[in-house]
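In order, the protein sequences belong to chains P and G.
Everything in the first sequence is counted per the numbering used here, starting at 550 for the first residue and increasing by one.
Everything in the second sequence is counted per the numbering used here, starting at 138 for the first residue and increasing by one.
In case anyone wonders, no lab produced these hints; they're calculated from the structure.
Note that CB positions come from ideal geometry on N, CA and C, so glycine has one too.
Please note that a few of the clues may not be correct.
[As the list claims (entries may be wrong)] Pairwise CB distance ranges (calculated):
{"id": "1", "chain 1": "G", "residue 1": "N274", "chain 2": "P", "residue 2": "E601", "range": "38 to 46 Å"}
{"id": "2", "chain 1": "G", "residue 1": "N171", "chain 2": "P", "residue 2": "P621", "range": "51 to 59 Å"}
{"id": "3", "chain 1": "G", "residue 1": "G312", "chain 2": "P", "residue 2": "A617", "range": "16 to 24 Å"}
{"id": "4", "chain 1": "P", "residue 1": "A605", "chain 2": "G", "residue 2": "G331", "range": "39 to 47 Å"}
{"id": "5", "chain 1": "G", "residue 1": "T243", "chain 2": "P", "residue 2": "H603", "range": "13 to 21 Å"}
{"id": "6", "chain 1": "G", "residue 1": "D396", "chain 2": "P", "residue 2": "T556", "range": "45 to 53 Å"}
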Amino acid sequence: MQMILMTVAQADALRVESEGIHRIDPRPIDAGPYAGQCAAPATLLTDARYAEYHDALAGFAVVDVDIAVAWPPVED
Amino acid sequence: MIPNDPAYRLARRLRRPELGLGLGLGLGLGAGGNSYDASALAYFAAMTVQEPDSVKSLINSFVVGIKADGSWSLIDRIILPLGTEQASLRDLKQPAKTAVNQNGCTFTAYRGFTGDAVSKYIDFGETIATGPNYTQNSAMRFAYCNQQSATVTSGSPHIGVTSGTTSRFLVSGTGTGLARLNDATSAGWAGTAGRTGNRLVSRIDASTKRNYHNGANTNGDIAGASVTPPGGNAAVLRDTSSYSDDRLAAAGHGGALTDAQAISFQNRLHTLMTGLGANY
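Next up, chain G with everything else stripped away, as it sits in the complex (with noise of 0.2 Å):
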């Protein structure tokens, strides 16, 4: 079978799917000759020690598909659990950014960060209205939990900010949760009870925000009058006083995502954890 033969080129099209689909959409050569994604690529580039390829070929169908959803532009930071530490705290939508351990959570590859529910956290660096798309009347925060803790039972910080109390995941491991989003009014995620899964609010607009939870909008519309967001910086596994020991395989924040953006951006999110082996 030859290049120029139809049938090498279609089968060819139809193991590379993102080939398919990538002309004019900044498609871009790896180091072992595989098409990413521009944005995928700058990521891998950031990368001290490379991830296989069947990694990359994962990370890379997730970015095609949220930038088919909308969702990309739409997003600030996002880090996800990969095989060395270095990058899994390196930021996928802004590459030159990494999040930091502070305290010494402890790191498993392809699996995430844990806590130890009294200091230790990850910090993104830099205040969570650093944005550009995070703002006050719309905003979303996202993380994925894969492993729960059996010392705390309630209020498990799995994302907040150094210094505020207004932009936060608690969630329970007998209850709901408690969640805001640029506000002062908790909602849980209903019908919830443990603490892993991956979570996500959504703010729509200055009085109404949505929470979802594996993929479903669990709340319908919730109301629920903004402010201004707090001014510490995003955390992982910490909100102010209160830590977290569950462990987080994703985390992330940006701009409001609509209905069918946040479903999907949560069942691709899902796929990606599970092909790493970091799902719930």
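Here chain P stands alone, though its shape is the one from the complex (with noise of 0.2 Å):
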């Protein structure tokens, strides 16, 4: 799945900044080769809902993330 990387710092600071209705709440990356940073899905970069966070977005790699590498299965 295509998505926006980013490190632990600066998806912290899209919480914040991200407001209304409409708001960007990375994932931290649990495994793989991408672990320790945090991920938004790539639709964000052409939903106009999020308009106003395009250009902040823009500067972020985006990336292959194979999601049952980054998030395995846990069980509890």
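Grab the two chains, each in its own frame, and use the hints to assemble them into the complex.
As structure tokens, then:
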């Protein structure tokens, strides 16, 4: 899945800056090559509801994240 | 026919049955001159774009109905699928509050929100225990699903919290699913297989909860010792680290409903969903 990749600090900033009924909550990546970073769906880049964040999001890399690798199933 | 004519008054009451029940129940006039319950009016006033009168009448009937059942005062939050995203995230019970679309759930007018099973969800913006009615030993959550995805086959979190594992519905496409409500004891909805439908769980005391599906108590009394409600925000289409790509039309929570209230609530909700075209 195509996702916007960012650091934890950048993700924290996005969570704080996004407000209103459309917000961004990047998901921490648990495992795999991007473990320790955070990702948000690349669909946000073309989602008109998130237009005010497009400029900010455009500065991040978009990568192909293997969902099964990044977030292996957790048993509890 | 004139307004003072008894035949006229009777005909008007037959067209608008809530008028006959509304005296003393806080009715008010909408902008179009229709009479609505005061709580429904407050909800309508919080909408940026007004719904058509036909939709307002459906919502009004739902509100009046669950008030008559004694359920309204036990509810904390409810979101419904309306014509705009703003209205669909606005809270029916507490219109000053709004849920939040996190990461761009797909919105379909009069149908609801669809997740992506990876990161998209709806956030109620406050912990489940904010209540005031949802407490450790008196709690209720519900979720109305009208579209089941093909990609997630089991454990689809229709409702949950952003952090915690003790208040959630993990709904299976092939089995009965797993539900917790302030406990660590998972119990599904007996006799169910698909994920669509209206699921509700009510915790009636420190050791007992009940599961409902489409207006029926599926398991009788389920034993499960209660624990402190989780601290994460109440969420739809997410539970901590799992996400759903089903479509949910309505969801909410509050204090425990009796057996009769839970069944009536689901039936009234299904009537509303059917009127909106959002039914399963």
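Evaluated hints:
{"no.": "1", "hint": "G:N274 <-> P:E601: 38 to 46 Å", "verdict": "43 Å, holds"}
{"no.": "2", "hint": "G:N171 <-> P:P621: 51 to 59 Å", "verdict": "54 Å, holds"}
{"no.": "3", "hint": "G:G312 <-> P:A617: 16 to 24 Å", "verdict": "22 Å, holds"}
{"no.": "4", "hint": "P:A605 <-> G:G331: 39 to 47 Å", "verdict": "40 Å, holds"}
{"no.": "5", "hint": "G:T243 <-> P:H603: 13 to 21 Å", "verdict": "18 Å, holds"}
{"no.": "6", "hint": "G:D396 <-> P:T556: 45 to 53 Å", "verdict": "51 Å, holds"}
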